[in-house]
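2 protein chains.
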Amino acid sequence: MNASEIVRLVDFVKMGGLVPVIVQDAKNCAILMLAYMNAEALEETLRTRQLCYYSRSRKKLWRKGEESGHTQELVELRLDCDGDALLALVRQKGAACHEGYRTCFFRTFTEDGIRVIGERLFDPNKIYKKQPKQ
Amino acid sequence: MNASEIVRLVDFVKMGGLVPVIVQDAKNCAILMLAYMNAEALEETLRTRQLCYYSRSRKKLWRKGEESGHTQELVELRLDCDGDALLALVRQKGAACHEGYRTCFFRTFTEDGIRVIGERLFDPNKIYKKQPKQ
Numbered sequence: 001m002n003a004s005e006i007v008r009l010v011d012f013v014k015m016g017g018l019v020p021v022i023v024q025d026a027k028n029c030a031i032l033m034l035a036y037m038n039a040e041a042l043e044e045t046l047r048t049r050q051l052c053y054y055s056r057s058r059k060k061l062w063r064k065g066e067e068s069g070h071t072q073e074l075v076e077l078r079l080d081c082d083g084d085a086l087l088a089l090v091r092q093k094g095a096a097c098h099e100g101y102r103t104c105f106f107r108t109f110t111e112d113g114i115r116v117i118g119e120r121l122f123d124p125n126k127i128y129k130k131q132p133k134q
Numbered sequence: 001m002n003a004s005e006i007v008r009l010v011d012f013v014k015m016g017g018l019v020p021v022i023v024q025d026a027k028n029c030a031i032l033m034l035a036y037m038n039a040e041a042l043e044e045t046l047r048t049r050q051l052c053y054y055s056r057s058r059k060k061l062w063r064k065g066e067e068s069g070h071t072q073e074l075v076e077l078r079l080d081c082d083g084d085a086l087l088a089l090v091r092q093k094g095a096a097c098h099e100g101y102r103t104c105f106f107r108t109f110t111e112d113g114i115r116v117i118g119e120r121l122f123d124p125n126k127i128y129k130k131q132p133k134q
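If you read the sequences in order, they're chains G and D.
Heads up: the first sequence begins at 1 in our numbering, then just goes up one per residue.
Heads up: the second sequence begins at 1 in our numbering, then just goes up one per residue.
Bound-form chain G, shown alone (with noise of 0.2 Å):
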């Protein structure tokens, strides 16, 4: 089916013209990230198979791994019962977390406080040249 079937079947409404995306490693099934398209980035997602998001705060798309190299390339995507989720499978470049760790879930609350699990695989200081914010 092409990019225009599937933006129709997904649900837009219920978040403002977005929908949230859960981003899973298709290798070892690690939850790398969430992030939210509007219809535009679904739609360059599926041309390019290379994960493109809205970004909400800087309200533009926002090409993952283009300032970065980190790049993530879709393996497969599929929607929740509802329509209004999507995960999409892919396969990761580098680093998905702007602060240079594998997943943006790298942080896990214990009974003693929250405690970094992940492993650091840059400094992010050596790869945006502004301050990186998502």
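There may be inaccurate statements among the hints.
One copy or two, it doesn't matter: identical chains are merged, so the pair holds either way.
Think about it this way: if two alpha-carbon atoms lie no more than 27 Å apart in a straight line, the pair counts; the simulated DSSO-like pairs of lysine-lysine are [as the list claims (entries may be wrong)]:
1. Lys27 / Lys93
2. Lys59 / Lys126
3. Lys60 / Lys93
Derived from the structure by calculation, the hints contain no laboratory data.
Bear in mind the structure is a predicted one, so any value in this text is a computation, not a measurement.
Chain D: place on chain G using the hints.
For chain D alone, coordinates are given in the frame of chain G:
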């Protein structure tokens, strides 16, 4: 750390009092669903160790499995880099999806159309007294 310390670390502002929660099967890493919590739902989840959400359609707390018996026991809770998304690792009893599938993401986009890939574990008409609504 206690529930109120955890709640203070979560950014509920970006989504008007809610935070999205990715729910992952702690046993096999499958993504089960995406749901939302307000601060009260997060506190209750941490207190009872059973997943409790905020239903956007019913506009009230939604204790997962209260009608179906398909509860989710909290194993671990992770926070993302921006503090505006949670990842809950759970022990799922039965099916996560109100349509009877183990996971809500039981449909995948293929070249030929949308295809059901999940196994249906129960018939929702036999479980829910009224039309299921999440």
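Going through the hints against the structure:
1. Both within a single protomer and between protomers do Lys27 and Lys93 lie at most 27 Å apart by alpha-carbon distance, with minima of 12 Å and 26 Å respectively.
2. In this assembly of identical chains, the alpha carbons of Lys59 and Lys126 lie at most 27 Å apart only when taken from the same copy (25 Å versus 45 Å across copies).
3. Taking identical chains as interchangeable, the C-alpha atoms of Lys60 and Lys93 lie at most 27 Å apart only when both belong to the same chain, with a minimum of 23 Å there against 40 Å between chains.
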